[in-house]
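Q: Single-letter residue listing:
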Amino acid sequence: MMKRLDRTCLIALIISVMSVVFCALPAIAAQPQQKNIILATTTSTQDSGLLDVLLPIFEKTTGYFVKTIAVGSGQAMAMGQKGEADVLLVHSQEAEKKFMADGYGVNRRLVMHNDFIILGPKSDPAGIKGSRSSIDAFRKIASANAVFMSRGDNSGTHAKEKSVWKAAGINSEGQKWYQQTGLGMGQTLNVAAEKKTYTLADRGTYLALKKNLGLDILAEGDAVLLNIYHVIEVNPTKWPKVNSAGAKAFSDFMVGRQTQDIIRKFGVEKYGSPLFFPDAGKKEDALGK
Amino acid sequence: MDIIIEGIKQAFILLFTLDPEVIGITWLSLKVSGIATLISLLIGVSVGTIIALTQFPGRRIVISLINTGMGLPPVVVGLFVTIFLWRNGPLGFLEILYTPTAIIIAQAVIATPIVMGISLAAIQNLPANLRLQILALGATRLQMVWILIKEARLPLLAAIMAGFGGVISEVGASIMVGGNIKGYTRVLTTATVMETSKGNFDIAMALGIILLLLAFFINAILTQIQQRERPR
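Each protein sequence line maps, in turn, to chains A and B. Note that the first sequence covers residues 1 to 289 in our numbering. Note that the second sequence covers residues 1 to 232 in our numbering.
One should not assume that every hint holds.
[Unchecked claim] What follows is a set of in silico ranges between Cβ atoms, one per label pair, in the way DEER data are often shown:
{"#": "1", "chain 1": "B", "residue 1": "L79", "chain 2": "A", "residue 2": "E220", "range": "32 to 42 Å"}
{"#": "2", "chain 1": "B", "residue 1": "K9", "chain 2": "A", "residue 2": "S123", "range": "24 to 34 Å"}
{"#": "3", "chain 1": "A", "residue 1": "K195", "chain 2": "B", "residue 2": "S64", "range": "41 to 51 Å"}
{"#": "4", "chain 1": "A", "residue 1": "S123", "chain 2": "B", "residue 2": "I43", "range": "55 to 65 Å"}
[To be verified] A few chain A residues that face chain B, going by a derived Cβ cut-off under 8 Å, partial list only:
{"#": "5", "residue": "T68"}
{"#": "6", "residue": "K82"}
{"#": "7", "residue": "N190"}
{"#": "8", "residue": "K241"}
No wet-lab data here; the hints were simulated from the structure. Here the structure is a predicted model, which is why all the values come from computation and not from measurement. C-beta: ideal position from N, C-alpha, C; glycine also.
Please model the complete structure; the sequences and the hints are all you need to start from.
A: Quick look at the structure:
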């Protein structure tokens, strides 16, 4: 009698577990796919909190569901190249131009800008405060052998930083004072603050994190430090699975008037100054002048 | 020190005010890791028991592979699952990348070898002539296996705890295959990573504390079952 009971128990257990698993899986997976948009973007748009404000509005008005994958601009474009994202919101000028020239993207549109700033500890061991240009500041950091914390992740910020090193004629790779985190902007700022090093950051993320950092802005305002965000739709002719209608809707939303107004006001209340400046419809060359 | 106190305070505020986002994240963590553990249990215990009770050529190599799998790095699992689930990857037609289902799959892959390895050792550890005794008393093979599993229930429950503990605390695979999408695939560990990178250390701490409480709660229940009646 006991043995039969045991076997019934065993079978009942197996059936119940199996049914839980097989009922639960499709229920969770049952999301209408054409309604999904994969947005590959930089960490700064997420870490600054901007997307948390914009996406609910977009989702409510259009009915799309946006899957935000926040990675560096480099990885975001790599996802676009493989057709694994529908739309990109990135800030890496040269890489974007190459991406467009290679035919991976369509309809690259200017969304907003802010700027990069050179940060460091209050003590400023390399004495870069008051440098006339970012190239000057970078040269001083290098000649003082002061530690510089780089993103090192092919992000837009990393690309900008490399272009400044190049313009300054300094080969920073492999130098003892040049360290790379391989992390997002927020985490890199935390590392730089903890180790009291210099770093390059976008103003939006810096302002959002400022309260815990203890890093000061030591150089800013140079025209080469402009940080420009574009929205790019992934080319559907290369990748038929791309949700091109959704990508277009998102792109239109980002340059729309209501969105641009929200961008203009975003962060003013909390940080005292805007984190991003809306630029829809402007010419790229006209920025920062 | 302030940040620790602030974190503990935040954790209780978030818990007791039933913050809907935090409750959602916690529930998703529990659901995803729970289902993943169930799947790993089905595969792990059955395959582990079969290997423990049979002899075949290459058995030691298979056991070595399982034991190695107990230490599978979650990021490596995450990377492989991502590549398989890409739209243009071999399983792309399923369209489940960046969904909770994808996290369940990745976590089940991580937990299965853990459960399998411990089950295998547990069944092997039973006295060899116990099997003969059970069979001699007229039990069928299925009944024998069921009795053996019941005999080994202490280490088998430990296997569940190890498997669940491995996946609820894992972040590398969840962030890769889930994407940390707000209100959809954001679980406790990925939310903790994101809040840390946003500089919200108090909220990150609070999420960490909630994760620990959750793990403790689940393990307390399992331990209760495990220790209920000590074998004579």
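Q: Decide, hint by hint, whether the structure agrees.
A: Checked hints:
1. B:L79 x A:E220: 32 to 42 Å: 38 Å, holds
2. B:K9 x A:S123: 24 to 34 Å: Given range 24 to 34 Å: holds, Cβ gap about 33 Å.
3. A:K195 x B:S64: 41 to 51 Å: Taking Cβ atoms as reference, K195 (chain A) and S64 (chain B) lie about 42 Å apart, which means the hint holds.
4. A:S123 x B:I43: 55 to 65 Å: With a Cβ separation near 58 Å, S123 (chain A) and I43 (chain B) satisfy 55 to 65 Å, so the hint holds.
5. T68: 6 Å, holds
6. K82: 7 Å, holds
7. N190: Because about 7 Å separates N190 (chain A) from the closest Cβ in chain B, which is inside the 8 Å limit, the hint holds.
8. K241: Holds, about 5 Å.
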